[in-house]
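Q: In case you want the letters, here they are:
2 protein chains.
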Amino acid sequence: MTSDRIWTAALLIIGDEILSGRTQDRNVGQVATWLNTQGIRLTEVRVVADDMGAIGEAVNALKARNDYLFTTGGIGPTHDDITVDAIAAALGVEVEIHPEARAVLEGYYESRGGINEARLRMARVPAGATLIKNAATGAPGIRVGDIFILAGVPRIAELMLEALTGTLEGGRPMLSRTIGCWVPESEVADLLRATEADHTGSQIGSYPFWRDGRGGANFVVRSTDPATVEACIAAIGAGLTALGYEPVADGI
Amino acid sequence: MTSDRIWTAALLIIGDEILSGRTQDRNVGQVATWLNTQGIRLTEVRVVADDMGAIGEAVNALKARNDYLFTTGGIGPTHDDITVDAIAAALGVEVEIHPEARAVLEGYYESRGGINEARLRMARVPAGATLIKNAATGAPGIRVGDIFILAGVPRIAELMLEALTGTLEGGRPMLSRTIGCWVPESEVADLLRATEADHTGSQIGSYPFWRDGRGGANFVVRSTDPATVEACIAAIGAGLTALGYEPVADGI
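These protein sequence lines map, in sequence, to chains A and B.
240 is the number that this note's numbering gives to position 240 of the first sequence; each next residue is one higher, with no gaps.
329 is the number that this note's numbering gives to position 77 of the second sequence; each next residue is one higher, with no gaps.
Honestly, the hints are just simulated from the structure, not real lab data.
Ideal Cβ placement from N, Cα and C applies to all residues, glycine included.
You may find that some hints are simply not true.
With beta-carbon atoms standing in for the labels, derived distance ranges [stated by the list, open to error]:
#, chain 1, residue 1, chain 2, residue 2, range
1, B, T419, A, Q24, 42 to 50 angstroms
2, B, A479, A, S176, 29 to 37 angstroms
3, A, G166, B, D256, 48 to 56 angstroms
4, A, T241, B, R424, 21 to 29 angstroms
5, B, E309, A, G251, 44 to 52 angstroms
6, B, E309, A, S176, 20 to 28 angstroms
7, B, E369, A, G213, 25 to 33 angstroms
8, A, G113, B, A490, 17 to 25 angstroms
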């Protein structure tokens, strides 16, 4: 295993409310950003309904080809919260009450009406799981193998990610730098293609925009190697200048 | 084929910028909402990188089990725009220049520096495709069979959806109504479960929140049958009242 190994993760978002358009997802962005700081690359996201079969199929497909799998949603106390059952079924393990989760929930609800059957649902985990702390509501996230089961509420998911920070093995983080220009991207397509081809390990994205009545684009260079990022930024800047345009450092 | 047939769609979002966390997706919500008004149910979303293999695998998997497949992203003029090539490869057809798209682009760029090779890339389509109009920039969306290839820029994708409005066969739209309450969802889990079980064809989602220093939840009832929606809302309202809580019509 060398330092060049790329560690990958997939994200599975579970929830009818995303597919119906009722709720705007906020977890893709925060999980993606967090993973990058851990040196882990997000390779694929899926959004599926609150459905045992759909969740199970996605879990098995995604975990088979990634180092890590994160899920968000479906771990609350109500009937539509079936993530734990679906993942346990997909893994072929039983669902059990985690004693530490039970104790945390009993403590949390002691002054809030006491524990009940619905609240106790949040202590259910696939057999063999450990807990991911959640300081806000007591109900923990769950780690089973390299699957990380997080809450759907973005603020709670964020706290669970914080609890995991620095605990997962990763590689070199993907670095990125942006250079912008008031230029139609269709006039610099050759420049971008040639720059990416000339610099092994670089990825160059072109993101056009229309603002204040005129068009421009930001060009994002990504690589795990800082020298490659800098070389690509320099090449694009020089190319833009040669074409008679004025590059804008760090984007527009 | 009866009026009860459920028409389904999947959405494939193509773009490194979503997976890197750089760009917050806005297309899931707008495609989901638009599909619902067309009587089509969004069953799954995937986000994949700008990668021929990843796009092709997702296209084949999603189109095999849905009536329609929508994609967003990767149809611009630059080297990272490979959606057309990937979909053509997945379908086993050639890529060709669409004469009408070429004419539209030539007209659009006549006063904007003229056509060039990069701009002409946006006239490339999988063989057999038709165009989806885009009044904003000239570059069209693409329909090939029941695959709809849309722009990634949300405002352009929206215009393409508008151009498709009313043209796709669908079923009865999913109706929804919300009832809210300042109640911990864990105290009404039994009520929700029983209400859903008692009303065939209903789906009840529970969405907790924490606001102004106290907790509550919105309960969303969904069904294609208006009477079922109303009956569930009435049952939840009566149940909340019986438990000593005050339901809030249309949610909090």
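Q: Could one say that the CB atoms of B/E309 and A/G251 fall in the range 44 to 52 angstroms?
A: Violated: the Cβ-Cβ distance is about 32 angstroms, outside 44 to 52 angstroms.
Q: Hint says 25 to 33 angstroms; check whether the CB-CB distance for B/E369 and A/G213 agrees.
A: Because 27 angstroms falls inside the window, the suggested range holds.
Q: Could you say whether the range 21 to 29 angstroms given as a hint is met by the Cβ separation of A/T241 and B/R424?
A: 59 angstroms, violated
Q: Between A/G166 and B/D256, does the beta-carbon spacing fit 48 to 56 angstroms?
A: At 52 angstroms between Cβs, range holds.
Q: Go ahead and decide if the range 42 to 50 angstroms is satisfied by the Cβ distance of B/T419 to A/Q24.
A: 26 angstroms, violated
Q: With respect to the beta-carbon atoms only, verify the hint that B/A479 and A/S176 lie 29 to 37 angstroms apart.
A: 53 angstroms, violated
Q: Okay, B/E309 versus A/S176 on CB: inside 20 to 28 angstroms?
A: 26 angstroms, holds
Q: Does the Cβ distance between A/G113 and B/A490 fall inside 17 to 25 angstroms?
A: Holds: the Cβ-Cβ distance is about 21 angstroms, inside 17 to 25 angstroms.
Taken one by one, the earlier hints fail for this structure at numbers 1, 2, 4 and 5, listed in ascending order.
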